[in-house]
Amino acid sequence: MKSGYQIVGKRVNRVDALAKALGKAKFTSDFKRQDMLIGKALFAKFPHAIIKGVDTAKAEQLEGVQAVLTAKDLPGRNGYGILVPDKPVIAEKKTKYEGDAVALVAAVSEEIAKKALGLIEVEYEVLPAYDDPRQAMKDDAIHIHEAHPAADKGNILTTVALDSGDVEKAFREADIIIENSYETPMVDHAYMETDVCMAEPDPLTGGLTLCSPQQAVYATKRCLAPVFGIPQNKIRTFCPIVGGGFGGKEDSVLDVSAMAGVLALKTKRPVYFELDREEVFRTTGKRHATYIKHRMAATKDGKITAVDVETILDKGAYTSMGGLNNPLMAVTQRTAMYAGGTYFIPNARARSHSVFTNHPYSCAFRGFGAPQAMFAVECQIDELAKALNMDPIELRLKNILRHGDRTIFGQVMKENRGLGLEECITKVKGRMDWDKSLDQGNGPVKKGKGIAVFMYGTGIPLLFEGASCYVNLELDGSVSVAVAATEMGQGIVTALTQTAAEALGVRYEDVNVTYSDTATAPDCGPTVGSRAAVVVGNAVLDGCNKLRERMLSVASKEFKKDPRDMDIKQGEVFIVGKPETTMPLAAIVSKAFITQVPLAAVGTWYPPQPSFRAEDGQGEPMHAYTFGVQAVEVEVDTETGELSVTRSVLACDVGKAINPSLVEGQMEGGAAMGIGWAILEEGFMNKGVMENASFHNFLIPTIKDLPELESIIVEHPNDLGPYGAKGIGEPPLIATAPAIRNAVCNALGISINTIPLTAVRILAAVKNQQAVGGGN
Amino acid sequence: MQFFTPHTLTNALDLLDQHREKTVIINGGTDIVEQISKGTVSPEAIIYIQDMAELKEMRQEDGYTVIGSAVTYKEMEQSALCRKYSALMDCLSSLGSPAIKNVGTPAGNIGTAAAAGDCNVALIALGAQVVLESKHGKRTIAIEDIFSGKGKTKINPDELIREIKLPLAHANTRSSFIKLARRKAQDIGKVLVAVSLTLEGDICREARIAAGAIGPAPLRLSSLEQLMVGNDIVAGLAKIKDVFPQEAKLRDSRFRVYKEQVVSVIVRRALEKAVGGEYYG
Amino acid sequence: MAKKIQFILNGNTVEVMVGETELLVDVLRDKFRLTGTKKACGTGDCGACTVLLNKEAVRSCIILAPMVDGKEVLTIEGLGDEKNVHPIQQAFVDAGAVQCGYCTPAMILTAKAVLDINHDPSDEEIKTALSGNLCRCTGYSKIFQAVKNAAKAMNLKR
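Chains A, B and C, in that order, give the protein sequences. Once you know that position 73 of the first sequence is 73 in the working numbering, the rest is easy, because the numbers rise by one and skip nothing. Position in the second sequence (from 1) plus 1000 gives the number in the working numbering. Position in the third sequence (from 1) plus 2000 gives the number in the working numbering.
Bear in mind the hints are in silico, worked out from the structure with no lab data behind them. Where hints are given, some of them may not hold.
[To be verified] When the alpha-carbon atoms are kept at most 20 angstroms apart in a straight line, the in silico EDC-like pairs for lysine to aspartate or glutamate are as follows:
| # | chain 1 | residue 1 | chain 2 | residue 2 |
| --- | --- | --- | --- | --- |
| 1 | A | Lys-138 | A | Asp-152 |
| 2 | C | Lys-2003 | B | Glu-1044 |
| 3 | B | Lys-1184 | A | Asp-637 |
For reference, chain A alone in the conformation it holds in the complex (with noise of 0.2 angstroms):
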């Protein structure tokens, strides 16, 4: 399909690239001042403990020191928390992991600060600390929270149920039925930028400023506003360029934010709150960790006719992304949703826990929920593939969802809306060689392939979802724009350039958009969700949409033509067709702000109405949906365990690719993301110690842990995006623990359901089958 697109779709330079290479480009610690006060937490030492007694006087004495608090001292509330405010800016009464503050201070120098948390004493009743959500969901188990403002039952904190089609029937029918548990570990984010704040107080407002890496500038204040006691219009939050977040800075700035904001209204003086990458470990979100049941029921020729998927998840000390009662279900609805994968299934059952544990909060984590589902459903693919001896490929092009088909939860898949799946496996599988069987050779090394697929929703399925935005023409022919979406790296503020620049028919250099700032930007909602490119960039394209009908209608009169006859193209307005009668955008403009035209536009979009019933799971969550899959090879060396990934393909339907640069770059780095939680990631929790909270032991991929990674970009327009476009940044990683995981049975001839497939776990896995006398 040709485009006539004159920037989308274009691999144009990131704008941010040059800055960041030559080292200049600032991230909130870059902008620390001498002036600030160094805050510092004192973190619980039992992570399921009593709160006996706190006390601070010797740190108070000690000279250097401007404050130090305890629970008793917080200006307003002392909980927050994105839905639901269950977690202490400092714990009183009990801590529930490693990371409740117990006391805070604030110091003129670092070294001060430290050595005041070592002069404060606490007493401590150790509680026996929960690891598995299994053991802490019984009756008997102790309640994590004593009493929390929304928990169902002890400590389960929720269950979200999905019910459609007869599924007691479709298994008592079923020819085969597939049952097997599935694990996946709770990880850390790791974006390279450690948690900071630096919070000031403005003495003319009264109010509060923070500046931190996030991915939610407005969630931030709201979230925080009861902390401080400050209402929401006197808290600016700030959000330079962002070192990485994947899902987990949506919830971090607020711990950092939230004690270095208190630390500031106290001292009256700016704190600097900053995490060291221990305490990013110890204290930050997670993925939850999950436990799956998944019986799948189908006909003897690879027909899916029923899942029944029950998932526990380990929620960790606090509610944080894990999800409530309706609507905000979170990552526990998503486990739901997902549990039927990307295939039509008509009869579907699937109960989601929540459950309470000593870990550090389990939070978005890209994907959200839906790479925890879909390693279990794309396993469960590969054993019915096995089961009946046909080709994986095929038998998931057998069940695929096509157009006109229902998901398990109830929404009908349309072409309009992309749907290149198919597309996708025929890439994947031409590529990769897929019937061509690997050379085995007699080593000790086994080789494998393997495949998976997935389907990942477009922004979030709650009722506010949509995004608003300024654009604002200046009078030399540029382009303002004001959003408060977080640039952490994927683009999207070169993403939003090249959507408005198109839309406006102005030079990519003539556009600016804004980093993230309460102070100059409406609410575009969280950047999260795979959205911000596609939701917001919708709102950007109806704000240029605005100014141009605008500058077109001031055009037509100077040239004594329709608007609808006019066009602009690299900042010149022209009658179409003739294209010697251009004038420049800079012209129209000054003629528009001197005949009373405004110049600013609010741009603002909103998707259909998103849905999904608390009863039985059905609805119509998300307006587009990005598919994709992944297909990698594997050599697994039997007497060692060790695995590597030799190959990975990985194609995506992105509806659009507004620069296929930058969707690479997601494609590419949640391939790598996604094979770091496959093979070699997990949090070493030790009744509810992290055993490994540096990057000495909790390791993720170097260059030299990853194949070449391979992308093909697959584009079916999805029609209510901007120029077509689906969201991208967390979809890429969710096929690729699975495709591992089939890729090692394939090779290995084993089942092993637990990621991550480290050498200790394979290995184990080759011993026991020789135990049994299985193989060879």
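Position chains B and C relative to chain A; hints supplied.
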């Protein structure tokens, strides 16, 4: 707190004699600086020796390759003298990132007695000797005897590692090193094995086998060496296959069972790697 | 207590008072305001604080400031600027190798250290050189490509 950058060995030894236990010697600093900045080590004096010319030497002398204690991994990797030792080169190639190799030193690794210290394991297999010097004299100690427990050495507080001596490789000596780690780069080994075999035809006349990360300190596995010595390679390999070394002292950890399963595999592979080119072509 | 040290920083001789156990990364960031050097782990594991010390890549978070006395330090700010972009910096921009940018300065300096001495590195040599620098955004593919492109560009200039 004082920071010294002595320019001569005499000066360094004087300082060491003065400050003794309260001193930390910094060479590359790749391990110790982190501990100082965390506050887990708080010395009264730091003696920084990496730039001292006397400790930077590499030479061949009296049947030994002599490596000064301030010589970095990178300098070793580029040295023709070191290239003769396959185990050493294998070890250097998997040891860490360039930024670590540019400043890290084998002497520093010996000083911290890292149980999973890659180079310690290779040096044991290669029969390295460590020359210690203090204001009061010099002594030489076999590297496997220098470690006295987890993170501990027999180096006296007034002593400095002066140099490391490697016996010149015999024409019929074959050596190798294998590191098994969780990640393919920049990771601490879960099992490290180095071997050095001196052959006469197909018969193994001498064997040195060393391992790391399977005890509180790097170990020499004499019990396995005995299975090789006097045997022909194929017979020795057959004997040693599946034998878990009695010297190993695995602590309780997530990796204990795994280590039990793989140590003998890595030993066998290291032996095969050492002789492989010659014997199985 | 404090100690005066002198070293060449980005081509200029500088003198500064430092604490005996002050880290090089902190001196660069706090005393010289050279914030292109990032501190992301503090344990020498991630590589984001890489600078060149006497032309070799080192981690400034595990180097005490007095250790650089009399030596030469190059940070990203000394490599190029808007008017004089270094070919490696340009290659990173052009290849789409920059995402969040937190690891970027260190990646570029690490690449410079290898490309200055190895004009025609193999794929494996490039990967080995970069293996101590963690990036969570890119999957390294475009970084790898950028370094390959930079090697060619630098050879054309030679």
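If you test the structure against every hint from before, which numbers come out violated?
none
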